[in-house]
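Going down the list, the protein sequences come from chains A and B. Just so you know, we're using our numbering here: the first sequence kicks off at 1 and counts up by one. Just so you know, we're using our numbering here: the second sequence kicks off at 1001 and counts up by one.
The hints are simulated quantities; they were obtained by calculation from the structure and are not laboratory data. Where is the CB? At the ideal position from N, CA and C, for every residue including glycine. You may find that some hints are simply not true.
[What the hints assert, rightly or not] Which chain A residues face chain B? A few, computed with CB under 10 Å, are given here:
#1 Trp75
#2 Thr81
#3 Asn82
#4 Thr83
#5 Glu127
#6 Ile143
[As the list claims (entries may be wrong)] Derived DEER-like restraints, expressed as beta-carbon distance ranges:
#7 B/Ser1290 with A/Glu154: 42 to 52 Å
#8 A/Arg23 with B/Thr1054: 16 to 26 Å
#9 A/Ser152 with B/Ala1030: 21 to 31 Å
[To be verified] Here are the simulated lysine-lysine pairs, PhoX-like style, with alpha carbons at most 20 Å apart:
#10 B/Lys1266 with B/Lys1251
#11 A/Lys180 with B/Lys1298
#12 A/Lys181 with B/Lys1007
#13 A/Lys136 with B/Lys1007
#14 A/Lys181 with A/Lys138
#15 B/Lys1007 with A/Lys138
#16 A/Lys181 with A/Lys136
#17 B/Lys1298 with B/Lys1331
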Amino acid sequence: MAENDGADRIAESCREGNPETLRILFETYKDRVYSIALTFFKGDSATAKDVTQQVFLKLIDRLSQFENRSEFSTWLYRLVTNTCLDRHRSMKRWVLFGAASEAEKFGSLPSVPSVEFEYSQMEVSREVQAAIAELKPKFRIAILLKYFDDLSYEEIANVLQVSMGTVASRLNRGHRMLAKKLVHLKNVLGPEV
Amino acid sequence: MFGHVTKHLTAYHHGELPEEKRRRVEIHVAGCSRCRLVLEEVRFAARLAGSLRTTEAPANILEFPASRRVPVRSGFLVWAAAAAVLVLVVSIAVWRNRPELSNWVIDASNAQDSRLRIGEWIETDSASSVTVRESSVGQVRVEPNTKVRLLQSGPSEHRMQLERGTMQAQVWAPPKLFFVETPSALAIDLGCAYTLQVDDEGNSLLHVTSGYVRLEGSGRSSTVPAGWVAKTRRNLGPGTPYLLESSNEMKSAIDAIDFNPDTAAKAAALEVLFKEFGENDLVTMWHLLSRVDLESRKRIYARMTMLWEPPEGVTAEGIANLDTEMMNRWKSLLGLNW
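Bound conformation, chain A alone (with noise of 0.2 Å):
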C-alpha cells in the first residue's frame, strides 16, 4: 500500500467535501480496483466496471463515516472484496440461463497446449489470468490482493477479516493449485532473473 498516506490525505479532503478529490482518489485506485475485478470475473469487463462503479459509490457513500485513515486501503480493498465476492453469488443464480460462455469471454485454456507454442508475453499472462479465475473465490481474492498491490500477510488478513494464518495458507494452497495448472508454462517462462 505504498499510496496509503497519499489517499489518506485524499481521503480526508473528500469527507471535508472538495469533489476534485474524489476524481483523484478515483484515478488513484479505478485501474487497481477494476483490473482485481476483471480477473476475479474471468475477463468479463462488463461485470468488471459494474463492480468497480459499485465499490466506489459505496466508498462515496461511506466517505464521511470513515474515521482512521491508517486503515483506508485495508477499508478500500475490503470494499473490493466484498463487492466481487457478492457479484460472484448473484451471478451464480443466472448460470443455468446461460452463463457458461462468461468463461468462453476470457479464453478457456486448451487442456494441453503445445510446447512449440510461441507464447507471448500478453498470452502467458491471459493465461495465468484465466487460471487464477479458476481457483475457489477465497483463494483468487487473496492472490489478487497480493500480487496486484503487493499487500502484506497483515494488511491481507485486515482486509479479508481473516487471521495471518488463514492468509498464508490460502496462499500457500492457491500458489500450488497455480503450479499445477500453468506447469506447461515452465519452459515458455525465460530463467529467473
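For this one, chain A is given, so just place chain B on it according to the hints.
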C-alpha cells in the same frame, strides 16, 4: 514445526515468516528434496502471478459520480431480471405494522426502490426472492420461503429477525452494528458475509463466507470465521463451529456433544473427534474446551498443543481451569479475538 514444511513455503518465499521459523524452514528445505520441489513450485507460481499487469479501466467508467444507477445487465439477463421483478412484485407479501421508515430499501433490481419500515415483515414464497439494502450497512438477500423483518435501524444498531428461511448478508458496516435474531440465537456481524438458515423448528445453520460472525444464545457463544459453519438449537443456543468441509462423522460427533443430552453419546462422539482432529480444527477444539468435562478438556488441549505451539504464558493447568486470560490468548492466536 513438525515434519515437512510445505505449508509454510509460500510465506517463506514472500518473506512473511518470523525469523526463527524462517531459519527452521531454511534448514529443513536444505535437507529435504520433497520440500525443495514444493518450494520450486511456489516460486514458479509466484513468478506467474507476478506477471499480472494492471488493466486500464474503461474511460466511460468515469460516469459513476453522476447518478446512482442500478447496473444494467445485458441481453437475456435483462429480460430474466425483468421477469424476476414481476414475480417479485406479485409474490412478496408485506405487512406494514408500524409507520416509521428506515433507510433500508427493498431493491427489486430495476424496479422503483421502496423503503422498509421498522417492524415490517418481508415474506417470500417459493418462487420469489428480494434484496434489501442500507448503503452504510450492507445488504441482505432474502431467499425463497423466508420470513424476515426489520426490528431496528439506527446509527448504533441495525437489527433484523429471521423467523424462518434463508438470508444472505453482506455487511460493510463496522463490526457489531448489524444483528440478526433467530429463534435459537443472535447473530452478531463482525464485518463479514454469511448465509443464515432457520428451519421450521427454529433451529438454524450459519455459514460464514467472509470475516466473522458471533452467535450468542442460551448462555453460549461461538465465534465463526469465514469458511466455517455452526448450528444453533432452540433453547440450547449455538453449537461448536466446524469447517464446512469437515467429514460427516465429525459433524455428527459435534452435534452429539453440543445437543445430545446423553452422556454416553457425548463420550463416544469425543472419541470420534479425536480420530478426526487435525491442525485445521483448532477453532473447533478451542470452542469445545469450555463445553466438555475436565478430563476431556485436558485431552483436547493436549491435542491442540501437539498441533500448534501454545501462546506464551499459557499452561495446561490454566486451560484445564478455563483461565480467562489464557483462553483469550489462544482465542487471539486463532484470530477469534473480537
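To see whether the hints hold, each was checked on the structure:
1. Trp75: 9 Å, holds
2. Thr81: 7 Å, holds
3. Asn82: With a minimum Cβ separation of about 6 Å from chain B (threshold 10 Å), the hint on A/Asn82 holds.
4. Thr83: Holds, because the Cβ-Cβ distance from A/Thr83 to chain B comes to roughly 8 Å (cut-off 10 Å).
5. Glu127: At 8 Å from the nearest chain B Cβ, A/Glu127 passes the 10 Å test, so the hint holds.
6. Ile143: 6 Å, holds
7. B/Ser1290 with A/Glu154: 42 to 52 Å: Once the Cβ atoms are compared, 29 Å apart, the range 42 to 52 Å for A/Glu154 and B/Ser1290 is violated.
8. A/Arg23 with B/Thr1054: 16 to 26 Å: 19 Å, holds
9. A/Ser152 with B/Ala1030: 21 to 31 Å: 26 Å Cβ-Cβ, so the 21 to 31 Å window holds.
10. B/Lys1266 with B/Lys1251: 13 Å, holds
11. A/Lys180 with B/Lys1298: 41 Å, violated
12. A/Lys181 with B/Lys1007: Holds - the C-alpha atoms of B/Lys1007 and A/Lys181 are around 19 Å apart, at most 20 Å.
13. A/Lys136 with B/Lys1007: Answer holds: A/Lys136 to B/Lys1007 is near 18 Å, not above 20 Å.
14. A/Lys181 with A/Lys138: Distance ~17 Å between A/Lys181 and A/Lys138 Cα, so the pair holds.
15. B/Lys1007 with A/Lys138: With Cα atoms ~17 Å apart, B/Lys1007 and A/Lys138 stay inside 20 Å; holds.
16. A/Lys181 with A/Lys136: 13 Å, holds
17. B/Lys1298 with B/Lys1331: Holds: B/Lys1298 and B/Lys1331 sit about 17 Å apart, inside 20 Å.
Of the numbered hints listed earlier, those contradicted by the structure are 7 and 11.
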